[in-house]
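Q: Dock chain B against chain A, hints included.
These protein sequences, in sequence, are chains A and B.
In terms of this note's numbering, the first sequence is residues 1184 to 1350.
In terms of this note's numbering, the second sequence is residues 1184 to 1350.
Hints are supplied without guarantee of correctness; some may be wrong.
In the BS3-like style, the derived pairs of lysine-lysine whose C-alpha atoms are separated by at most 25 Å in a straight line are [claimed, not checked]:
(1) A:Lys1241 - A:Lys1196
(2) B:Lys1214 - A:Lys1328
(3) A:Lys1241 - B:Lys1196
(4) B:Lys1328 - A:Lys1328
(5) A:Lys1196 - B:Lys1335
(6) A:Lys1214 - B:Lys1335
(7) B:Lys1196 - A:Lys1214
(8) A:Lys1196 - A:Lys1298
(9) B:Lys1298 - A:Lys1196
(10) A:Lys1214 - B:Lys1214
(11) B:Lys1214 - B:Lys1335
(12) B:Lys1214 - A:Lys1335
(13) A:Lys1298 - B:Lys1196
(14) B:Lys1328 - A:Lys1214
(15) B:Lys1196 - A:Lys1328
(16) B:Lys1328 - A:Lys1196
(17) B:Lys1241 - A:Lys1196
Read the hints as simulated data drawn from the structure, not as lab findings.
One-letter residues, chain by chain:
Protein chains: 2
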Amino acid sequence: MNLSTQSQACLPKELADSEVFLLGRLGYGLKRHAAEEVDAAGFSLYDYSVMALLADGKCQAQASIADVLQLDRSQLVGMLDGLEERGLIERRRDPIDRRRHRVTLTTAGEGELAKLRELMQRIEEEFLAPLDTESRDTLYGLLSKLATYHDKRFPAPAEADVVAVAS
Amino acid sequence: MNLSTQSQACLPKELADSEVFLLGRLGYGLKRHAAEEVDAAGFSLYDYSVMALLADGKCQAQASIADVLQLDRSQLVGMLDGLEERGLIERRRDPIDRRRHRVTLTTAGEGELAKLRELMQRIEEEFLAPLDTESRDTLYGLLSKLATYHDKRFPAPAEADVVAVAS
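Next comes chain A alone, as it looks inside the complex (with noise of 0.2 Å):
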């Protein structure tokens, strides 16, 4: 970024201060920027949540898939449309249910997963870079305790997190 010094001396401390702009500034400049590394690759913030979902194995239902990601239902079958003409998952009706997909990733989606997994653990490298492993493990402890509280998609914190965030 290339901000004049003027610009730099201007933010106002009730700004600066709030964890509300901090968080809100952090948070969206983070997912805008993997989002355009994710893209560059070739693909979108939703697609590696998708792929990341069905390499875990417990989600197959098209409608599951549209619940836990909270994505409506006809933009996550355009992005399932996409990955399959990719080759990357396949769609199968569900032999107990009919009317309902099952959907899996295939052995070249797992591929391309691995390779956004890189691509992800790298950004957050380069996110964390200022703050030593003690420092990242309490604040995924804070974090964590926060997406529990007003998410109830995220599960509980493990002991030993709340205890390195206690200490």
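A: For chain B alone, coordinates are given in the frame of chain A:
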């Protein structure tokens, strides 16, 4: 949020464990929530930022305001027009350089800003509810360190914050 038990169990560990995903979700969700609340009060988050900036008194030139808030100049002009029509700000020609405008907050603007500050404090309080005072200080210290590293508009954290993080 109303999520089924199935979708709760569905979020893959890979995403729940990722600080990029966590921070992206929290920051984006918080920003959207704050935007909705501020919108219901008749303002945008940028209106609040501009008024906070003007109250600070260090930044009155339109060009500097746009720079520090990373706003498009024409976008800022539209916003300032709206605030001026409502009698919340004043624009005057700079007596030293008449090509420039100096923007200041009116008494009515100060009153509206005070209400928005209360609103932002309530949002922050609700968001940070699961964390005690010590954890909030630790989180603030860590986020400040990241913000200072990635965004030159943020001032370096005060010595006291750094110590709090290290302890």
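Q: It remains to establish, for every hint, whether it holds in the given structure.
A: Right, here's what the structure says about each hint:
{"no.": "1", "hint": "A:Lys1241 - A:Lys1196", "verdict": "violated (46 Å)"}
{"no.": "2", "hint": "B:Lys1214 - A:Lys1328", "verdict": "holds (18 Å)"}
{"no.": "3", "hint": "A:Lys1241 - B:Lys1196", "verdict": "holds (11 Å)"}
{"no.": "4", "hint": "B:Lys1328 - A:Lys1328", "verdict": "holds (20 Å)"}
{"no.": "5", "hint": "A:Lys1196 - B:Lys1335", "verdict": "holds (14 Å)"}
{"no.": "6", "hint": "A:Lys1214 - B:Lys1335", "verdict": "holds (18 Å)"}
{"no.": "7", "hint": "B:Lys1196 - A:Lys1214", "verdict": "holds (19 Å)"}
{"no.": "8", "hint": "A:Lys1196 - A:Lys1298", "verdict": "violated (41 Å)"}
{"no.": "9", "hint": "B:Lys1298 - A:Lys1196", "verdict": "holds (18 Å)"}
{"no.": "10", "hint": "A:Lys1214 - B:Lys1214", "verdict": "holds (13 Å)"}
{"no.": "11", "hint": "B:Lys1214 - B:Lys1335", "verdict": "holds (21 Å)"}
{"no.": "12", "hint": "B:Lys1214 - A:Lys1335", "verdict": "holds (18 Å)"}
{"no.": "13", "hint": "A:Lys1298 - B:Lys1196", "verdict": "holds (18 Å)"}
{"no.": "14", "hint": "B:Lys1328 - A:Lys1214", "verdict": "holds (18 Å)"}
{"no.": "15", "hint": "B:Lys1196 - A:Lys1328", "verdict": "holds (15 Å)"}
{"no.": "16", "hint": "B:Lys1328 - A:Lys1196", "verdict": "holds (15 Å)"}
{"no.": "17", "hint": "B:Lys1241 - A:Lys1196", "verdict": "holds (11 Å)"}
Comparing the model with each earlier hint shows violations of hints 1 and 8; every other hint is respected.
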